[in-house]
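Participant: Place chains B and C on chain A using the hints.
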Amino acid sequence: MLKILKYSFFDLIRSRWSIIYFLFYFITGMVLLYLSHDVSKAIVSLMNITFILTPLIGTIFGVMNFYNSREFIELLLAQPVPRKRIFLGMFLGISISLSLSLLLGMSLPFIIYGLFLSGQVMSLLILITSGVFLTFIFTALAFYIALVNENRLKGFGMAILVWLFMAFIYDGIFLLSLFLLQEYPIEKFAIAMSLFNPIDLSRILIMLKLDISALMGYTGAVFSKFFGNNSGMLISFLALTIWTVVPVLLILKKSFKKDF
Amino acid sequence: MAIENAQPFDTIVVSPGRYVEYDIQIDKPLYIIGIDHPVIDGDHKSEIVTIMSDSVLFKGFQVQNVGLSYIKDWAGIKIDNRDYCIIEDNILLDTYFGIYLKKSDHIVIRNNYLKSVAKNEVNSGNGIHLWYCEDILIEKNQITGHRDGIYFEFVEKSRIIENISEGNLRYGLHFMFSNHDDYIGNTFKNNGTGVAVMYSEFILMKNNNFVDNWGTANYGLLFKEIYDGELSGNKFQNNTTAIFADGSNRIKIINNEFRSNGWAMNIFGNCMDNEIAYNNFISNTFDLTTNSSRNRNDYHDNYWDQYAGYDLDKDGIGDVPYRPVRLFSYLIGKIPEAIILLRSFFIDMINMAEKVAPVLTPQSLLDERPRMKLNIYD
Amino acid sequence: MIEIKEIRKSFGRLEVLKGFDFSLSEGKITAVLGPNGSGKTTLIKSILGLVIPSGGEIFFDGKPIYKDWEYRRRIGYLPQIAKFPENLKVKELFKLIEDIRGEKGNSEPLIERFSLDSFLNKKLRQLSGGTRQKVNIVLTFMFECPVYILDEPTTGLDPIALIRFKDLILERKEQGITFLVTTHIMNLVEELADELMFLLEGQVYFRGTHSEMKEAQQEENLERAIAKILEKEYAENS
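Protein chains in written order, with this note's numbering: chain A, 594 to 853; chain B, 83 to 460; chain C, -1 to 236.
In isolation and in its complexed conformation, chain A is listed as follows:
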């Protein structure tokens, strides 16, 4: 697996897309920091961008890479290598290389600017961690979708639809259901809803770290209490982990059955 991971990783990291992706975060981070001169503001703005872009890039790279590597996959399948190593290796190769671009692109501007003076290390750490989680989750989902769909166009469309749903439509349904259920105590419902969407979950984790929790008023105190303490944190990261592991298991399961 490590060999395939290594190949897949270096193949991507050498491509200009990784560099563009890295530069995007690097430049955006620099601009935000030096324009606002406020680390916590920069983190919030970066968060808005990250939580749309990271899943999108993960989705696109996951699908494209799978379809573009079909030849490679078929070559590998005839070699004495178990299937799960091939797919796991490729998936990890993409996810890790994307995460590396993200990690460097995001942390370097803050290190240059002097993050360690600001006391916002934890927020940035959570932002990067959830960005990495989102990369893994959406790459895995996209990979799975590509694995299921022979038709590239269909696979690509479906993966984008999943991204759109998670990044946008889900919150619309969320808001609508809050509106319809407003007669009832809905804080617990809202917490559950956010656990079911990794993008929402990541967003809430960072906002609470940035002390926006006070904006949430009395109702927010319930959210704050849940997500803010250690066990809430643990549950949230557990949820993110489940979000990562389940699509990977699906990939493995599908990979055993698929004909090439």
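Keep in mind the hints are simulated off the structure, nothing from the lab.
What you are looking at is a predicted structure, and each value in this text was computed from that prediction instead of being measured.
Errors might be hidden in some of the hints.
Cβ-to-Cβ under 8 Å is the rule here; a few derived chain C residues that face chain A [as the list claims (entries may be wrong)]:
1) R70
2) R71
3) P77
4) L94
5) I98
6) R99
Here a beta-carbon is modelled for each residue, glycine too, at the ideal position from N, C-alpha and C.
Facilitator: This is chains B and C only, laid out in the frame that chain A set:
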């Protein structure tokens, strides 16, 4: 003590030291001056100094450890129904109530330092507490760790100048049924709420700083049923809600700066004829929210950093009006739980859509003359 | 060596392999023939584990191959259409496969045999179809295996390369290596194959030597014998 032997208008000079004493009654006009802050320790027994005469100067003491009573409002220094006194340069530590004025007029409270360690609102008193007073000057005091930093109830024509009220449990400054008072150049920092003005008229609020009043139910400045005030030249920074106004009318809110607050203003629908002009709104999560779809206040000539209009005629005023109420802040008013969606992509999108074509937010709430650049104050 | 029992495979409603037994004769070259869609490639891919059969079992050296992968070390596979990661150089591709298999291949004599020296530093996407097929052949034969499975191996090869390729196969056969080959080129079958297996509609229609085949169809020529089978089939279907 010396008070008994003194003649009216004598000066008593107290040398440094520690005196465990309480229920000291000053019943004739005297100048009582401490050197190097002699300590009067009440040993948590009772009230410490009670002024029961006009024209007393009480200066330069450290008064500490007032007893706690749920029936009597024991204080570090109390003036009961007397006038023309000065309380100056004292340090008050762990006093239940710090300085307590009851039906007293023409008093100066200057340059005192009051510190207590209030843990909850029930077992704590106010720093400077005034009840039925007139013409009081409260100047350059520093008050921390009380329930309310300064408390006014039925206080007329008084001035609160350049005090620092910090870290008080409930309010930094609290007006109840008090009219024609001014507070100028004070700093209210990290209190439950910076200043609460309730059931009062003609309050002048000028050049104060409202900073870091941050928390779930915290405000920079709270208005409840007040009329004809002026709020100008103040700075509001890092408050959860900078101004919360409920049933407040005919107030001029001008030349203020709102920076990095959660909500700059939450103006309820029952507020009328207020003028909000020449303010700067910078980096607030929400500039304005309201719970009504009608607007009866006048917004003009403010600078809103989120304004995205243009100024073709270059007169410094945007050519299209600005709508300061975002759809999302309106929604939160209806469904508070929706705050969990703050800063999500979906919310950004519907905010944008609402900005282009308002459906839910108040149609008539707009600033017709949004400034392109920051309003500059002298 | 390779034993197949009651193998079945359907893609959706389409039944491609309809359940037959087959065992590969050791040390011989067996040619799998049949019209398009008769199940040749599916059969080969099933043996390699690329396609998962819907029924039946496949054994390699007596052990079922399902969920096994080590056995593939002993099968050299030459795929029909050479599919490679296009951004790799030829040299890198050889290196990569060696790396993944964890064994050193003996590529130099093969590179020399097919005159690929000048292409080693070219990227795969720059190569012509014939050259790609040569690369494909080197990649397959650089590892020594007891069995080789070749799917349309001569596609795109020029006459010289073809001759060298046939020599290569015969040399290996001398060493006792077993081959399973699919092809449409009857010359190649006649020249190389020891045994024929004719697949038709997912079944083994015929199994035997050339002469047995010709005899059965009463034709002098292999190509005609096959054409005759197919014509019969068409007539039955229409």
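Participant: I'd like to know which numbered hints this structure contradicts. Please list them from smallest to largest.
Facilitator: No numbers; nothing is violated.
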